[in-house]
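Here the structure of chain A is known, so what remains is to put chain B in place on it, guided by the hints.
Number of protein chains: 2
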Amino acid sequence: MGGDLKHLVIVKFKEGVVVEDLKKGLEKLASEIEAVKSFEWGEDMKSEEMLRQGFTHIISMTFGSAEDFTGFLGHPSHIEFSATFSTAIEKILVFDFPTVVVKASA
Amino acid sequence: MGGDLKHLVIVKFKEGVVVEDLKKGLEKLASEIEAVKSFEWGEDMKSEEMLRQGFTHIISMTFGSAEDFTGFLGHPSHIEFSATFSTAIEKILVFDFPTVVVKASA
Chain A
1 MGGDLKHLVI
11 VKFKEGVVVE
21 DLKKGLEKLA
31 SEIEAVKSFE
41 WGEDMKSEEM
51 LRQGFTHIIS
61 MTFGSAEDFT
71 GFLGHPSHIE
81 FSATFSTAIE
91 KILVFDFPTV
101 VVKASA
Chain B
1 MGGDLKHLVI
11 VKFKEGVVVE
21 DLKKGLEKLA
31 SEIEAVKSFE
41 WGEDMKSEEM
51 LRQGFTHIIS
61 MTFGSAEDFT
71 GFLGHPSHIE
81 FSATFSTAIE
91 KILVFDFPTV
101 VVKASA
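Going down the list, the protein sequences come from chains A and B. Using our numbering, read the first sequence as starting at 1 and increasing by one per residue. Using our numbering, read the second sequence as starting at 1 and increasing by one per residue.
Quick caveat, the hints were computed from the structure, so don't treat them as lab data. Among the clues, some could well be false.
No copy is singled out in the list; a pair is fine if it fits within one copy or between any two copies.
Calculated cross-link-like contacts (lysine-lysine; reagent style BS3-like; alpha-carbon spacing at most 30 Å) [what the hints assert, rightly or not]:
| id | residue 1 | residue 2 |
| --- | --- | --- |
| 1 | Lys-24 | Lys-14 |
| 2 | Lys-28 | Lys-12 |
| 3 | Lys-28 | Lys-14 |
| 4 | Lys-12 | Lys-91 |
| 5 | Lys-103 | Lys-14 |
| 6 | Lys-28 | Lys-91 |
| 7 | Lys-23 | Lys-91 |
| 8 | Lys-12 | Lys-24 |
Chain A extracted, bound-state conformation (with noise of 0.2 Å):
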């Protein structure tokens, strides 16, 4: 598991959108493409409201290397994507970074 990039994405929808939409966009994109090795989401529903800043959605996908995760960002479902999610925001945070793995799943 050592070795992979982590593609984090915080965010806080807009009154009124479909989330559930958006959702089954991620999981066609996160299945579609092959460079996605993992992909969690969650709906924040216990932190403290302060501690959360109103953020309430976490998407975290997971690549093998650089290059798949360039090569994601690229792609043309990720792009079409990308276009329709940045409508629906209204404040976001992207994290991406090398994860290291301290304590794995048994």
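Coordinates of chain B only, in the frame set by chain A:
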């Protein structure tokens, strides 16, 4: 893997903080407390400054159940570490959410 809870912490440290020491503390914490199922961290180097808003470090812990997570929060080692950690932080975001794994690593 379904049913896991994720504890995601995103921070910007104060200037002058020795991040290496905090990492060691986190590693110790994750290895000491059995309830921590997996632990990863990362340092953002790649995303655009505008998109990461000054945050630099990502800490991600996974727990197998809500009970494990609650046990972790109340664990003396976690309480002690949190006291140190909080003095080192300029800003922080915390997300706690059930992970939905759409595509798992092969």
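Here is what the structure says about each hint:
| no. | hint | in the structure |
| --- | --- | --- |
| 1 | Lys-24 to Lys-14 | within (17 Å within a copy, 39 Å between copies) |
| 2 | Lys-28 to Lys-12 | within (21 Å within a copy, 33 Å between copies) |
| 3 | Lys-28 to Lys-14 | within (22 Å within a copy, 40 Å between copies) |
| 4 | Lys-12 to Lys-91 | both (5 Å within a copy, 18 Å between copies) |
| 5 | Lys-103 to Lys-14 | between (36 Å within a copy, 26 Å between copies) |
| 6 | Lys-28 to Lys-91 | within (23 Å within a copy, 35 Å between copies) |
| 7 | Lys-23 to Lys-91 | both (17 Å within a copy, 29 Å between copies) |
| 8 | Lys-12 to Lys-24 | within (17 Å within a copy, 32 Å between copies) |
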